[in-house]
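Engineer: The primary structure of each chain is shown beneath.
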Amino acid sequence: MSIIKLTIARSSTLTIFVILLVLVLIFLSCKPPVEVSELDSRTNSLNKSIMCPICPGESIDQSQNELAGHMRRIVREQIEGGKTDSEVREYFVERYGPVVLLEPSTSGIGLIAWIVPPAGLLIAGCSVAIALILMKRRRSEEVVDDTLSHNDRVRYYKVLEERGISEDDLPGREV
Amino acid sequence: MLVFASIVLCIVPALVVLYPLVRKIASKSPLPEDESSLNADLERRWESAVDGLQSAELEKSLGNLQEEDYRWLRDIHMNEAALVLKAMDLSESDEIEMMKKVNDEIARTKIQSGGTE
Amino acid sequence: MVEIGQISLVAAFILVVYVTIVGFAGGVLNGRDLVASARWGFYSVVPLLLIATSALIYAFVNNDFSVAYVAENSNLAMPRIYAWVAFYSGNAGSLLYIAVAFSIMASICLKVITKKLPYTAPYALGVMSMVLLFFLAVILFLANPLEKLTVTPADGQGINPLLIHFGMFIHPPFQMLGLISVALPYSVAVGALLAGRGGRDEWVDQGRMWGMVSWLILTVGLLLGSWWAYTILGWGGYWAWDPVENSALMPWLAMTAFVHSIMVQKRRGMFRMWNMVLVIISFTMAQLGMFINRGGPVPSVHSFAESTMGWIFLAVMGLTLFVSLVIFVIRYDTLKSRGRLESMISRESAFLAQNILFLLIAFVTLWGTVFPIFSEAVDETTMTVGQPFFNKVNGPLMLLLILLMGVAPLLPWRRATGKSLARMLRIPVVSGLSVAAIVLIAGISQPWAVASFAICGVAVSGVLQEWGRGTFSRHRRGEGWPRAFLNLLNANRPRYGGYIVHLAIIMLGVGITASSFYSVQRDVVMQPGDTETLGKYTFKYIGVNEESFSDRLEETAEFKVWSGDKYIGYMYPYRAFYPEFRIAATRGAINSSPMEDFYLVPSEFGEDDQAVFRALINPMIWWMWASGPILVFGTLVALVPRRRSKNVQLRLTSLTARVGDQNQSSVLGAED
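Residue numbers (the numbering used here), protein chains in the order written: chain R, 1 to 175; chain G, 1001 to 1117; chain X, 2001 to 2672.
Honestly, the hints are just simulated from the structure, not real lab data.
Being a predicted model, the structure only gives us computed values, none of them experimental.
There are no misleading hints in this set.
With a straight-line cut-off of 25 angstroms between C-alpha atoms, the simulated DMTMM-like cross-links for lysine to aspartate or glutamate are:
1) X/2111 to G/1033
2) X/2536 to X/2523
3) G/1060 to G/1047
4) G/1060 to X/2342
If we strip away everything but chain R, and leave its shape as in the complex, we get (with noise of 0.2 angstroms):
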């Protein structure tokens, strides 16, 4: 492949000396996950799902409350009497209504609440397609004097090159 030929030598080979130091490093630092019980593991992530009725907002993970305790041993207790996750959550809406579910049910007028994002990111993505293709063809509306005759450019060009552009006005050119 040409594209390969045209990179410096050096700097390519330092490059892909760092990629695998990298790569080495990443390598070393990730550790298997730590492993859970599964009771462990389910439990926690239906206290995560539920929420404390009297504090506002908060999962029964999350708060100390002891009404979240009290619940988060009856979410212990039904897994390991072999309940299901669902069957769990069940439980609760049925004392407390579905409000005691951190996301909203998958049917009914909850699933409005699923559908909007992934309609709105189609929304947006029509959008800035749209957007792009109107610019694309809009031509600028301000009266720009866009052409400059053969001799001005002569002129200016000359100018620019000799004081303009050379000096400090353009600090990048040390790059």
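Chain R is fixed; fit chains G and X onto it per the hints.
Structural biologist: Quick look at chains G and X alone, frame taken from chain R:
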């Protein structure tokens, strides 16, 4: 004590805001350059052209730009810079034109009034 | 002293009314003396508000419970230095804090724009003073922190115990400062619109600067809040998508979009209308934030208790939005673009996509925050929208954003040809895929986590590629490596400052990804002498120490901790119970390292020595806090103004003089 404090708290700010009105320091000082003036606009466009050239240089040295693209960009910005110069030129020559006209007018009026007297 | 403070407030209010009227009048009538008077008046509000603030703090320090606010927010047991915290912890006090902080910031802004935008400044002044007027009006007529009680109680109610932490010295002030600071770029922009001076990008430099200042404050506020939640609140997390947190996030998202798209306007004269709309949206979101903060209809751990106050903020927000848009529409014609889009693949289009994505995330956040109200109104069932929803919905969107952040800076302005695109993206794409491969091999299998690490890899290598190549190319011209690097940074400060900020964001992203997917926790019941393990950590419960204070009961647990075989030391998580507030405040004990945090927090202490503890391992949280200083540094680098070649004017004139000479000769030759 309280009365004194409240008087001070009311009087001092009142004096502070009245001072510029009374002494008219602002209107006596030279008029600042209008940020919307042609000059200011040209300066901004100049800076933006210079920025563009600098960034083209940088991108080229980074290897992000191919030679062809680099030339194309550079040309665009040089063109813009040249346009700014031309506009400055024009505005300056416009000014010169106008001054000439005004001087002519004054000279003519002098001759006329000199003549009738 | 309190009375003096009250008089200062009244004087300040009258002064701001004057400033608003005279400021606008001066702008319209072109009366420079009027404008000067208004300006001096605005500056004078600062000492007046400082006097009122001092009066309040003085009352706190001296336990003057005749002042209602002091009685509500402190007590005799409160340590004196927390007077600063108590000052802004309640509704009325926080309003005064915002007023005085804003008056100081706005005065600095005013001083600068009077010099740089002399004809826009009067109108910007008018807008700023209207903002201040609103706060002072609310303070004077609805929530005066210096109001006195008819009967002086012997002791106050005390400060919310959750606030007694040194994090409270900085997080709320920063957060509130951040929200109101959005008013600064807003004032400059709307001032420019009103002055009819928005069409030639006059305000862009100042808009960018104050936008970045505001962004920086907002970012620091958010980071401090997360850090405080993590280290103090004891649930092991740092962000709960709580309505108040969301309301601080939304203006941040809008301002991030703004500081990027304003660059396009500066460079190409494009997005003129869009930036106006964007800054108006940002300010609206900041006001929305203040509304939700002050007891809006959505419940939150954070909100001030009053609920009627909130509606006034909402009404003013609506009014501001309406009026701003009207002004925008009136001045619409002046905002046509100078440049035009040359290619669908260019930095300009990437910035547009990024802007839309930021606003989409803000919208989704808003949607989730208000959905409970919506569902109640429509269906009469209240649904809660909490962490699980936001994580699932915003997570992927933010990932997309980080990908864009990695790729967009590599795109050149105006257009990118296929060949150059391939060349630029080669290394980042390879890096991303390599990172994905490596983490998969190392045992990370959660798909979102892998994708996230890979995308961070893409972003990092994009930045490093630019740094590496730039330094190398300077080095080739004869500079030593360190010199080359620093000079590169210095010669292109906005760009490389931005890269530093991007690196900080990537660190944040890595920390969030690792801790979101791979945190583990266990609740354990322990008796003194028991030992438990979590992962490689072993912790032994030694016992608990009880200590009684006048307002609380503190129970401090003692633990000995080992990591594998290595002894780490003691950890002391504790729990304090405040009977008067019926709140328990827990403090986790944290053993932190860049790889992971080991976190112990007590849940409850039972009778007969039994206690429940929660142990957590949170991977890579350290990276999140480490990103903060780097982010601040990067922003400051980007903010330092270019040593502007003084007398650009002079240079230009001297150039044209030369050209003029040539002109003379050609006129004689009768050309063109």
